[in-house]
Amino acid sequence: MSDTTPLLDVSGLTKHFPIKGGFPIRRTVGAVQAVDGLDFQVAEGESLGLVGESGCGKSTTGRLITRLMEPTAGTISYRGQDITHAGRKALAPIRSEIQMIFQDPYASLNPRHTVGKIIAGPMEINGIEPPGGREKRVRELLEIVGLNPEHFNRFPHEFSGGQRQRIGVARALALNPKLIVADEPVSALDVSIQAQVVNLLQKVQRELGIAFVFIAHDLAIVRHFSQRVAVMYLGKIVEIGDRDDLYNNPRHPYTRALLSAVPEATVDDTPRERIRLVGDVPSPIDPPSGCRFRTRCWKATEKCATEAPPLAQAEGNKAGHLTACHYPETQEIIPVTGLSKTPQEAV
Amino acid sequence: MTSTDSQPFLSIKDLKVHFSTEDGTVKAVDGLSFDLARGRTLGIVGESGSGKSVTNLTILGLHNPDTTTIEGSIELDGDELNGASDRTLEKLRGNKMAMIFQDALASLSPYHTIGTQIGEVYRKHTGASKKAARERAIEMLRRVGIPQPDRRVDNYPHEFSGGMRQRAMIAMALVCDPKLLIADEPTTALDVTVQAQIMDLLKDLQQEFGTSIIFITHDLGVIADIADDVLVMYGGRCVERGPKEEVLRSPQHPYTWGLLGSMPSLDGPVDVPLNPIPGSPPSLLNPPTGCRFHPRCAFASEVEGNRCATERPLLQIEDGRGNACHLSDGQRREFLADLAASKAI
Chain A
1 MSDTTPLLDV SGLTKHFPIK GGFPIRRTVG AVQAVDGLDF QVAEGESLGL VGESGCGKST
61 TGRLITRLME PTAGTISYRG QDITHAGRKA LAPIRSEIQM IFQDPYASLN PRHTVGKIIA
121 GPMEINGIEP PGGREKRVRE LLEIVGLNPE HFNRFPHEFS GGQRQRIGVA RALALNPKLI
181 VADEPVSALD VSIQAQVVNL LQKVQRELGI AFVFIAHDLA IVRHFSQRVA VMYLGKIVEI
241 GDRDDLYNNP RHPYTRALLS AVPEATVDDT PRERIRLVGD VPSPIDPPSG CRFRTRCWKA
301 TEKCATEAPP LAQAEGNKAG HLTACHYPET QEIIPVTGLS KTPQEAV
Chain B
1 MTSTDSQPFL SIKDLKVHFS TEDGTVKAVD GLSFDLARGR TLGIVGESGS GKSVTNLTIL
61 GLHNPDTTTI EGSIELDGDE LNGASDRTLE KLRGNKMAMI FQDALASLSP YHTIGTQIGE
121 VYRKHTGASK KAARERAIEM LRRVGIPQPD RRVDNYPHEF SGGMRQRAMI AMALVCDPKL
181 LIADEPTTAL DVTVQAQIMD LLKDLQQEFG TSIIFITHDL GVIADIADDV LVMYGGRCVE
241 RGPKEEVLRS PQHPYTWGLL GSMPSLDGPV DVPLNPIPGS PPSLLNPPTG CRFHPRCAFA
301 SEVEGNRCAT ERPLLQIEDG RGNACHLSDG QRREFLADLA ASKAI
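These protein sequences, in sequence, are chains A and B.
Using UniProt numbering, the first residue of the first sequence is number 1, and each one after it goes up by one.
Using UniProt numbering, the first residue of the second sequence is number 1, and each one after it goes up by one.
Okay, chain A solo, but in the shape it has when bound (with noise of 0.2 Å):
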C-alpha cells in the first residue's frame, strides 16, 4: 500500500430512500435524496468535519461509511479496497477498523449490560483475546478515556451523560480502529461536559493516530476538533476545504451565511458580517434543480436553476478547497460594519 492511497476515498456516494404510496398496490412514488453523489477522502490520522444543517444528509453518510446502510449507488473505498457493497465475510477484517461513536449516550449503551461488558463487546464479537485478558484491556480503555477502571462492574445508569459518552469512546477504541465516525458526540452534552469529551477525543485521534469522520452541527466545535471540513447542503458537499481555508476563506455562500449566524460569546465593537438566509431548507424529496441552495441564495440567477454547479477548485482557492458555486464569493470574512445583504425574497 502506498502513501498516497487515503484510507477513505468515498466517490459519487448516494443513498436514495424510496417513498411507498398508492393502493392497492404500494409501489414507489418518490425518492428522499438524502445524499446524493459525495466525494471526500480521509488520510490516515486525519479528522475530516462534516457540519450543516438537520436534513443535510450528514448522519446518513456517516452510516453509509460505516455500512449500517446500503448505498444506492457510488463507491466506498477503505484502503484501496472497495466495500461497497462487500458481504459480512469481507468485512468483517474491515468492520474492527471501523468504528462509531453516537450522538445519545443514554440509547447507545445497553442498560443490562455491566460497563466491563458493554466496552468487552467488540472483542467478544470478534473473538479478539487481547495479552493479559480482556478485563485488563477494559480497564486499559477505562483509564484512556479518564474513567476509573474499578467501574468496570457498574452500570451505565451509575454514571453521567459525560461519563456514559467517555464509556462509548472507550468502546470504540477496544479493537484498535483506524477510523472512527463520530456522529454528533457532544451534542447531547451541557456546556462544560462537552469540551472534556471535545478535549478526550482530540487527545485519542493524536496520541492513538486515529483519523475520524466527525459529524456535528456545531462549527466551532467542528473547526476546533478537525483539520479538513465539508459543509453539506441537502445532500450535496457544497464546500470542502482545509479549516483555516474554509473559515477564513469561504466561497460558498451557504458556507459563508451559515458561519454569519453562529452567534459568538463575545461582544466586540465592530460587529461582525450579518447573512440572514429566508425561509426553510426545501424538501429532499423535491429539491431545487440546478444549485439546490439556489432559493436561498442572494446570488442565484439562471444558470443555477438549470446547471448543477460541480464541486471544484474556485479561482483563487488553495490546492484542496472545493467549492461548488458558479458564482463564487471573491471577499474574505473581516469584520464589515453596516454592511447588509438581504436576500430576494425567496418563495
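The set of hints was computed from the structure by calculation and includes no laboratory data.
Please note that the accuracy of each hint is not assured.
To be verified - Sample of chain B residues facing chain A (criterion: CB under 10 Å; computed from the structure): (1) Glu47; (2) Ile70; (3) Ala128; (4) Leu190; (5) Val192; (6) Met199; (7) Leu205; (8) Glu208; (9) Met263; (10) Ser280.
Unchecked claim - Pairs of lysine to aspartate or glutamate, DMTMM-like flavour, derived with a Cα cap of 25 Å: (11) B:Lys203 to A:Asp268; (12) B:Lys343 to A:Asp244; (13) A:Lys20 to B:Glu159; (14) A:Lys203 to A:Asp242; (15) B:Lys13 to B:Glu47; (16) B:Lys91 to B:Glu80; (17) B:Lys343 to A:Asp245; (18) B:Lys343 to A:Asp242.
Stated by the list, open to error - Quick list of simulated restraints, FRET-style, between CB atoms: (19) B:Glu208 to A:Gly30: 36 to 44 Å; (20) B:Asp103 to A:Ser11: 57 to 65 Å; (21) A:Arg27 to B:Glu208: 34 to 42 Å; (22) A:Glu124 to B:Pro288: 24 to 32 Å; (23) A:Pro130 to B:Val270: 32 to 40 Å; (24) A:Ser11 to B:Glu302: 39 to 47 Å; (25) A:Glu315 to B:Tyr156: 33 to 41 Å; (26) B:Tyr156 to A:Thr306: 33 to 41 Å; (27) A:Asn248 to B:Glu90: 34 to 42 Å; (28) A:Met69 to B:Asp103: 22 to 30 Å; (29) B:Thr67 to A:Gly21: 41 to 49 Å; (30) B:Glu159 to A:Phe17: 15 to 23 Å; (31) A:Glu150 to B:Glu334: 32 to 40 Å; (32) B:Glu90 to A:Arg27: 49 to 57 Å.
From the three backbone atoms N, C-alpha and C, an ideal C-beta is built for every residue, glycine too.
Using the hints, position chain B against chain A.
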C-alpha cells in the same frame, strides 16, 4: 403603564422552589433574586438542572402545587404572584405574561389549525368574536413573518416547518400584547440559520411592543446576541449577574470562566485543548455545602479557611453587577488575567 418607571417591572426576591420527591427534597431554586425593567431582555444562562426553567415556570404559576413549595416573592408590575389564586394567574397568563417553549411541535395542538390556536388566546382574554380573532391571528402571523398569512392561518402545525412553528408560537405568545415574555430555549432545536432569523424577529418585536423578555439558554453566544443583562445560574442559585458586556468581557465567577473556557470560538486557537470544568453538575437532592460550585472550582483552595465548602457566598450586587464568590477582588483580577494570558477564556 400603571406604575412608575423607577420600579422594576418584575421583581423576584429570595425565591425558593423545592419539590418533594420519593428520594427526598429537590432544591431546584434556592434563594434567587433579580429585577427586570420594562423593555429589557434578561438572559438566564445555566446548564441542565441549574433551575433556570423551574424559575420561569414558577413565575407563570405552572408548577404542580401538590409537590412544590414556593417561598419568596414574585412581583409583576406591583402584583404579588406567589400565592395568587388560579383565577388571577389565568387572567395574567397569555395576557400580561406569555411563554414560548423549546419544542414548538409539542407545544401546539395537532388537532387544531394554527389560526384557531392563536385566536383562542385572544378570544379568552378579550372576548372577541371568532371572526375578529381570525383577523387578529392573520395580523399576528404577518407580523412574525409568515408568508401568505391569510392562507397559512388555516394550516395545521404539521404543515409548518420548524422555524415557522416557532414563529407561530411567538405569534400566539404576543397576540394579547403581553408585557413580559418568557422564552425558554426557543432556538435550541433550530438550525443556526433559522435561529438567527428567530432572534432577529424577537429583537424587532421587542422594539415594536416594548416587551420585557426573559431569555433562557445554555448558549452564551445566544446571550451575547440578544440579552441586555445576564444572570448565570448554577445549582439553583445565581452566581453572577450584570450587563452583558461586562459579564462577557470581565466575567467574575469561576463558573462563568469555566463556561467561556469550554466553548471553542470561530477564530480562537485550534491546537490547544479546551478548558473544561472538571466533574459534573451537582445533584440537587443532596447539593454540596457552602458554595455549590466548590467541588468543581479550581480556585476554591485559594480561599482561606475552607470557606468555600462551609459558608454560602452571598450574592453582592452593586448597580446591577455582582457575583456570589468568596474570592477577593484582587484575587479575581489576578486569576482572570492569568486565564486571559493563557488564552483559556
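Worksheet item: Of the numbered hints stated previously, which ones are contradicted by the structure, given in increasing order?
Response: 2, 3, 7, 8, 20, 21, 22, 24, 25 and 27
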